Amino acid sequence: MNKWFAFCMAVVLTAAVALSGCSGSKEEGASGGKVKLVWWSHDNPAFVAANKTLIEEYKKVNPNVTIDLQAFPYDAFIQKLKASFAAKNPPDIAQMFGTWVTDYAKKGLLQPALDDSIRGNFFDASLGAYVVDNQLYGLPHEYNLENGGVLVHPKMFQDAGVNYPPKTWDELVAAARKLTRYDGNKIKVRGFDFTSGDNITFTFLSLILQQKGKYWTEDGHVNFSTPEAVKAMTALKDFVVKYKTTDMSLFGTEDISDTFFKGGSAMAIRGPWTIAAGKDTYKVSDFEYMPMPSFTSEPPYFAAESGWGEVVAKASKHSKEAWDFVNFMMDKEQALNWNIKTLTVPANKETASDTKLLEAVPLMKTSIDVLKYGQWIGPVQDRDYFFKQINDQFQAIAAESVSVEDGLKKIEKEINKMIDQHLQ
Amino acid sequence: METNAVRMLRKPVSAKGKLHREQRSFVLFSLLPIITLFLVFSVIPIIWGTMLMFFNYNPLDESSPFVGLAQFQRLWEDEVFHKAFVNTFKFVFIAIPANIVITLFIAIGINKIHSTLWRNTFRTMFFLPAIAPLAGSAVVWSTMFNGNNGLFNIILEHLGFAKVNWLTDPATALLSIIVMTLWADIGYNIVIFMAGLDSIPDMFYEAAKLDGANRWQMFRHITLPLLSRTSLFVFVMTSISYFQMFPQFQIMTNGEPQNETRVLSLHIFDHAFTYLNMGYASAMAFILLLIILAVTIIQLRIGRSQWEY
Numbered sequence: 019m020n021k022w023f024a025f026c027m028a029v030v031l032t033a034a035v036a037l038s039g040c041s042g043s044k045e046e047g048a049s050g051g052k053v054k055l056v057w058w059s060h061d062n063p064a065f066v067a068a069n070k071t072l073i074e075e076y077k078k079v080n081p082n083v084t085i086d087l088q089a090f091p092y093d094a095f096i097q098k099l100k101a102s103f104a105a106k107n108p109p110d111i112a113q114m115f116g117t118w119v120t121d122y123a124k125k126g127l128l129q130p131a132l133d134d135s136i137r138g139n140f141f142d143a144s145l146g147a148y149v150v151d152n153q154l155y156g157l158p159h160e161y162n163l164e165n166g167g168v169l170v171h172p173k174m175f176q177d178a179g180v181n182y183p184p185k186t187w188d189e190l191v192a193a194a195r196k197l198t199r200y201d202g203n204k205i206k207v208r209g210f211d212f213t214s215g216d217n218i219t220f221t222f223l224s225l226i227l228q229q230k231g232k233y234w235t236e237d238g239h240v241n242f243s244t245p246e247a248v249k250a251m252t253a254l255k256d257f258v259v260k261y262k263t264t265d266m267s268l269f270g271t272e273d274i275s276d277t278f279f280k281g282g283s284a285m286a287i288r289g290p291w292t293i294a295a296g297k298d299t300y301k302v303s304d305f306e307y308m309p310m311p312s313f314t315s316e317p318p319y320f321a322a323e324s325g326w327g328e329v330v331a332k333a334s335k336h337s338k339e340a341w342d343f344v345n346f347m348m349d350k351e352q353a354l355n356w357n358i359k360t361l362t363v364p365a366n367k368e369t370a371s372d373t374k375l376l377e378a379v380p381l382m383k384t385s386i387d388v389l390k391y392g393q394w395i396g397p398v399q400d401r402d403y404f405f406k407q408i409n410d411q412f413q414a415i416a417a418e419s420v421s422v423e424d425g426l427k428k429i430e431k432e433i434n435k436m437i438d439q440h441l442q
Numbered sequence: 003m004e005t006n007a008v009r010m011l012r013k014p015v016s017a018k019g020k021l022h023r024e025q026r027s028f029v030l031f032s033l034l035p036i037i038t039l040f041l042v043f044s045v046i047p048i049i050w051g052t053m054l055m056f057f058n059y060n061p062l063d064e065s066s067p068f069v070g071l072a073q074f075q076r077l078w079e080d081e082v083f084h085k086a087f088v089n090t091f092k093f094v095f096i097a098i099p100a101n102i103v104i105t106l107f108i109a110i111g112i113n114k115i116h117s118t119l120w121r122n123t124f125r126t127m128f129f130l131p132a133i134a135p136l137a138g139s140a141v142v143w144s145t146m147f148n149g150n151n152g153l154f155n156i157i158l159e160h161l162g163f164a165k166v167n168w169l170t171d172p173a174t175a176l177l178s179i180i181v182m183t184l185w186a187d188i189g190y191n192i193v194i195f196m197a198g199l200d201s202i203p204d205m206f207y208e209a210a211k212l213d214g215a216n217r218w219q220m221f222r223h224i225t226l227p228l229l230s231r232t233s234l235f236v237f238v239m240t241s242i243s244y245f246q247m248f249p250q251f252q253i254m255t256n257g258e259p260q261n262e263t264r265v266l267s268l269h270i271f272d273h274a275f276t277y278l279n280m281g282y283a284s285a286m287a288f289i290l291l292l293i294i295l296a297v298t299i300i301q302l303r304i305g306r307s308q309w310e311y
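Residue numbers (this note's numbering), protein chains in the order written: chain A, 19 to 442; chain B, 3 to 311.
Only chain B is shown next, with the shape it has when bound in the complex (with noise of 0.2 Å):
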């Protein structure tokens, strides 16, 4: 038998548990555009392109069969992939480091700037080639390294060198995607890097100055330790894109010379849209998925910052 004081102690849980309910329930309902869109557009093709790898899929034919882990095996074997894997990590491990060392360095330049409009200008100007498309950049670019009346030969002749075959010959080729890419993307990394530095208080620039610190002792001591979040956040993003970049290699050289500048994005769009050899392609993408996985894993670790201020 339940006694009224247990009647009136119930009615309350039982209304704090409608609203609860109902607060849930309208939770649910605000978040299923957005749960929608990242099933559609995320999950359900991320699970979907995953699933590829483990079969011969064209999306031309009937049928496509189960084959296992045969497109591992046919990794492994596939020398152009070889090749574009080392190209990629080449690129990665040239640009990735360039990148940052000159956008700090820019950022600090142009965080010394007293002047607001000079360092708006300054910041605006590095800014702007990351505005225009990648692939438009790409194929201004690809006329300035033209091998016979490009940009960069011209001044090379003016000054008395013999020209170079800057796209066509597998010395240079890479190089000169690595140059392109960081003039286009240095923008983001520098406001970045500005923002961060931004962010470190000047007491401990002064106190420095007060100990005696030189300017290399404070960039060491103080403003690499304290730039360390941005500086993480920067290699990871940097790391991610890099990592996928795609435009300019498709449209400066399509891999050539001898396949020096085929990158795995590349080779993986050439199976998958030119060769149809999703599955393929399905298998090389996981490939690229784990080593993105890897490093951003590693540089989190590493990262890990033991401050605060």
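So here's chain A without its partners, still in its complex pose (with noise of 0.2 Å):
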């Protein structure tokens, strides 16, 4: 039996040992002096193609080095990108979304920055994600506000005979109610909306920030019990319960980027890069990208998340190389062409400032004027639970099944218990 037994387990180790052999590990690395990395990010078409961009800019001042760019879906990017590092398996780049860097970094899966002194470039917001225990671990392309400018469409006020462009709150709130229009008991025009998954979580942010409040308490934990987040958070259910001028019924199915550009309202606040799809997707030009009024007398004051940029994986044979690639990615000149080339805004502070920029993307005058006003979100820990208990209770509160108080609380209450548990 024994003899039996130690047969099994050969067999299962051999299985197992060939099993392994379909994991994906690959033979890469440098041969004759010559070097491959492999690169992955998601498959946008814009991001793809400036992506490739820079490969052969790449290639033209290291004819060395050859970049295999693999490009994935959205969702299995993310699904892949985890996997890969659990495996120990990375690519030597990846082009990551600056919110999920922290985890990787925290859990020493990537390699840190070989130049620090790099940091100053980039605006705090856009670089806030990258750096764990004051050690750089990525460097962002990409200034990811969702704050700061609405998607508009002019000639709807004009027909509508309100005054264009709202200057304060009260204005923009006035302005809404007037472009609301329903066909029966269902919307048929919102007059203002920012009803999609990122953007009742940063425009509750943002009317938090402009009251001067704050939302993080010292130890890394939230605190949405304050008087700020309460009348930040009744502002929001005031459009959808108490102005409607728009409801839940896109939340989950339809960006509401989608419907703007469908016609289907007339304000909508949603982050610069939806402009491309304006352009690229719905061939229309009948807009414009207005900027928010704050919800005070102060400043615009927002939160971003760090955008997209590049992380080189710890377990890379080539980080060097790798680094190298990176730092030739945000260079002044090839940064600027990666950003016009996919509509996104600089992270970097002297690209954000040339005049290039705005000749070539004019609606983005906009968010470069607010950017000064941004602030890095702060450590989400898990930035999709983070979100969905905001979107949940928000849900519930525009539903009127739980009240704003309440609401806060429940958020509070569950994210500090996922950040408790990362924190462990």
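Listed below are the simulated DSSO-like cross-link pairs for lysine-lysine, each with C-alpha atoms no more than 30 Å apart in a straight line:
| no. | chain 1 | residue 1 | chain 2 | residue 2 |
| --- | --- | --- | --- | --- |
| 1 | A | K70 | A | K383 |
| 2 | A | K427 | A | K260 |
| 3 | A | K260 | B | K85 |
| 4 | A | K196 | A | K249 |
| 5 | A | K204 | B | K165 |
| 6 | A | K297 | A | K374 |
| 7 | B | K165 | A | K173 |
| 8 | B | K165 | A | K280 |
| 9 | B | K85 | A | K100 |
| 10 | A | K431 | B | K85 |
| 11 | A | K249 | B | K85 |
| 12 | A | K206 | B | K165 |
| 13 | B | K165 | A | K262 |
| 14 | A | K301 | B | K165 |
If you're looking for bench data, these hints aren't it; they were derived computationally from the structure.
Values in this document were obtained by computation on a predicted structure and should not be read as measured data.
Could you fit the two chains together into a complex? Lean on the hints.
Here you go:
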């Protein structure tokens, strides 16, 4: 029987070894002075095109380095990244969304930047998630902001006889109410919309900041029991319940920018990255990107995530070459081209102030003007969980099944529980 | 001292024993590939997955602290889990009876058709949705349920009714998914019920007719009892499948609105692969396993048949 057991074990181990051969481990590296780097990104066509241009440009100055760009659909990309790092088989370079970087860096899966002095070139908000224990773990291409600007149809203002653009919060609310159209009990044109997965949270946080409020405690937990948080959440609830300028019927099914470009809303608060969809996908140009009035007399402060950027895996056998390519991407000229091609707001201060940027993308002016008011959203730990708690409770608040105060308490409790788990 | 007779007697026994050992080795050797596959892809993952519920396991972490039954305490306090639990039962309690009733009556209807061509045509027609991947069907149905320009709202508008936010109204979202699930899934059960109906001998119906039984009486006292084994199989398989339904919930609503369509499988998926709380997801999966096990045992007990023909 022992022989039999040994035989069985041998077969199982053989099968395991054979299966591990299917895990995608690859032979790559230097041969004859040539280096091959694997670079992963998501498959947004504009991003892929911009990435390919970077590779071509880099190849001109470093002919010995071959870069294999592999692009994946967004959802698959997220899972593939997690699986590859968990299996200790990551790509050399990954184009990650900044907020994801913190977790990977904390778990020791990323290679720290070789040159830390570059840090000062970037806006703090765009760099926040790339810095862990005062160590830089990647470099951002993008200042990912959802606030500061509003997609707007000026003609709808004109047709309704409403002054454009609204300059104050009260004017915004008044315009939104006049621009809203109903067909029976179904909303036909949303006067002001913010009901997407990202924008409920970002608008809520920005309204807190514009009251000079805070939502982080000293020990890295959230505090939404403040009067500022209550006032902010009440203001958002009012758009749905009191002013009825929008409803929750789009939530989870259609992006509010898609609805906007189809003429379903007069104003929609969405990041400047949606401008590309309007022009390229919907082929419309009858819209503008106007500055969002502040909730108070304070400047339009807002919270932003660290956007798309590059990280180098600690497991990479060519981290020096990988970092060299990442630094090349952050070169002023390359960064500018990348931001123009992807229609993203630059993370690099110098690139953001380059006049060529606004010449190429005039609609980005609104966002560029407010960058100085942005602050990093903070150590949210699990970004998806953080946003889901706010979205879940906002839906309940808007449905009036829970009060603003109770909803905020639930958000605070659930997020802090999650943060505790991550800090353990 | 062994006698010759004893030796003679032992010889065949020994040869038989050797043969038996060889046969056993051959059987084990023949079964080895399938046993290996079963161990690698079923037993080990199930044991591993179950063990995870005692740990705070995140695949990206270096260590996974042992937490005992803490995940179950967390489940007890998790309001979204409670909602997902209730939603799963709501879905199952509405969708399974609806599926059984619809498929049984369609199967009986098709069985009444005498023309083989039309019988096969109808059977194929009802089975076609089952061929399509559920995820693909879910995408198509999402567009048909679209609140603005979906097919159903276009029809309602033409008929003079108000549009309905099928997938975003908490009152209709789960029902919409149930309708889609029934459309996509009834084909299998129709085919199984038809096979069950075919196996009932005609003599029972002929005898019942001679006794003056009407259609309802024949259905009630012949079809239903003699179909009970098929019905039990359909019940059990449909229950196991519906408790684990996932693609349409993720694609059509992703659990929204207000978590009204969040079922256990979706909640498990989110915690396992979105939040990487694999230990917590494992605890939920264990609860789901117990539910399915309990429901299956109850169904098998209740549906035990005492007849043969």
